[in-house]
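A.B. asks: For the sequence shown, position 19 matches number 18 in numbering that gives the first Met the number 0, and the numbering has no gaps at all.
To be clear, the hints were calculated from the coordinates, so they are not data collected in a lab.
Every residue gets a Cβ at the ideal spot worked out from N, C-alpha and C, and that includes glycine.
One should not assume that every hint holds.
Lysine-lysine pairs mimicking BS3-like chemistry, simulated, CA-CA at most 25 Å apart [to be verified]: (1) LYS144 <-> LYS171; (2) LYS231 <-> LYS216; (3) LYS216 <-> LYS171; (4) LYS195 <-> LYS171; (5) LYS216 <-> LYS144; (6) LYS231 <-> LYS195.
Quick list of the computed label-pair ranges, beta carbon to beta carbon [unchecked claim]: (7) VAL163 <-> ARG272: 25 to 31 Å; (8) ARG155 <-> ASP99: 30 to 36 Å; (9) GLU191 <-> THR76: 16 to 22 Å; (10) ASN159 <-> ASP259: 36 to 42 Å; (11) ARG272 <-> GLU191: 38 to 44 Å; (12) PRO286 <-> THR76: 27 to 33 Å.
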Amino acid sequence: MTGRPLTPWLWSATMIAVVGLIAAGVVAFTERGDAPPALISEPVSPKASVGGEPLQIAGSGSNLPLTTLLVEAFRRTFPDVRVELHESIGSSGAFRATRDGAIDIGLVSRPARSGEEEGLRRIPYAATEAVFAVHPSVPDRTISKERLLNVYGGQRGYWNDGSVITVLQREKGDSSHRAVEAEWPEFASVNEDAWKRERLRVIYSDQAMHQALIEVKGAMGLCDASALAISKSPLVRLTVEGEGPFSKEFAFVVVPNPGDGVRRFLDFALGERGREIVEEAGATPIPRALDSDAGTFDGGS
Numbered sequence: 000m001t002g003r004p005l006t007p008w009l010w011s012a013t014m015i016a017v018v019g020l021i022a023a024g025v026v027a028f029t030e031r032g033d034a035p036p037a038l039i040s041e042p043v044s045p046k047a048s049v050g051g052e053p054l055q056i057a058g059s060g061s062n063l064p065l066t067t068l069l070v071e072a073f074r075r076t077f078p079d080v081r082v083e084l085h086e087s088i089g090s091s092g093a094f095r096a097t098r099d100g101a102i103d104i105g106l107v108s109r110p111a112r113s114g115e116e117e118g119l120r121r122i123p124y125a126a127t128e129a130v131f132a133v134h135p136s137v138p139d140r141t142i143s144k145e146r147l148l149n150v151y152g153g154q155r156g157y158w159n160d161g162s163v164i165t166v167l168q169r170e171k172g173d174s175s176h177r178a179v180e181a182e183w184p185e186f187a188s189v190n191e192d193a194w195k196r197e198r199l200r201v202i203y204s205d206q207a208m209h210q211a212l213i214e215v216k217g218a219m220g221l222c223d224a225s226a227l228a229i230s231k232s233p234l235v236r237l238t239v240e241g242e243g244p245f246s247k248e249f250a251f252v253v254v255p256n257p258g259d260g261v262r263r264f265l266d267f268a269l270g271e272r273g274r275e276i277v278e279e280a281g282a283t284p285i286p287r288a289l290d291s292d293a294g295t296f297d298g299g300s
């Protein structure tokens, strides 16, 4: 894949993301590798690999916990192929950066909007659930539909121990919110109104949401079930009576004819060992049937 100079949109998007993440008290960029995460003071933007350069993978923060496991296992199996997995640039950033040649593999966790997949191939690899998670001190394990809609609608609510319910909301278009909205129209309406009225505290990344739910007593927000399982999170899953499950899909996006390194990674991730890793993480592997233009990455082992 031919690398291209960093485009203005990616630099601007990265700067905006960095400011938002710093404000939320999280690291702007983390390289997922054998070395410990490093804090840096300025944004680092991925550029697609050329020749023997590392594969560049970036995209939705929802995909990162599971994809980190796949990348780490791939590195152990194929130490000759270098891979860099970057912090979240979102699904929108993944579509655009892959098409632009800034990265080799994009990570997406929501359906494409009009035109986003043009010139790209989408390859699903796992399904998980969007779940309502709460602070470890919350005694409740279930919540009625009416009660949840009321607190998202701005009414003051209390858990069974008398503590105040604090709702944390993700930004508009977040994949977990989209997954719930697709199955529960009443939630979609109340959630949209909360955004318009700026009623709730908004969190701008999966990692920041997880941290905020741990830190804010009585907090409730949407997370990925697989991410909670992978991180062995102390957060408690809250079941909505009469609703769910709320399914969401993780996928890779690549150009139609990617390079050898990309194909090797996709072979691994979609193959037997990759499927095992997905299952061990509490997600469901998505089988991929062989098709004529799939190259080698067809989900075979």
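A.B. asks: Need the list of violated hint numbers for this structure, in ascending order.
C.D. replies: 6, 7, 8, 9, 10 and 12
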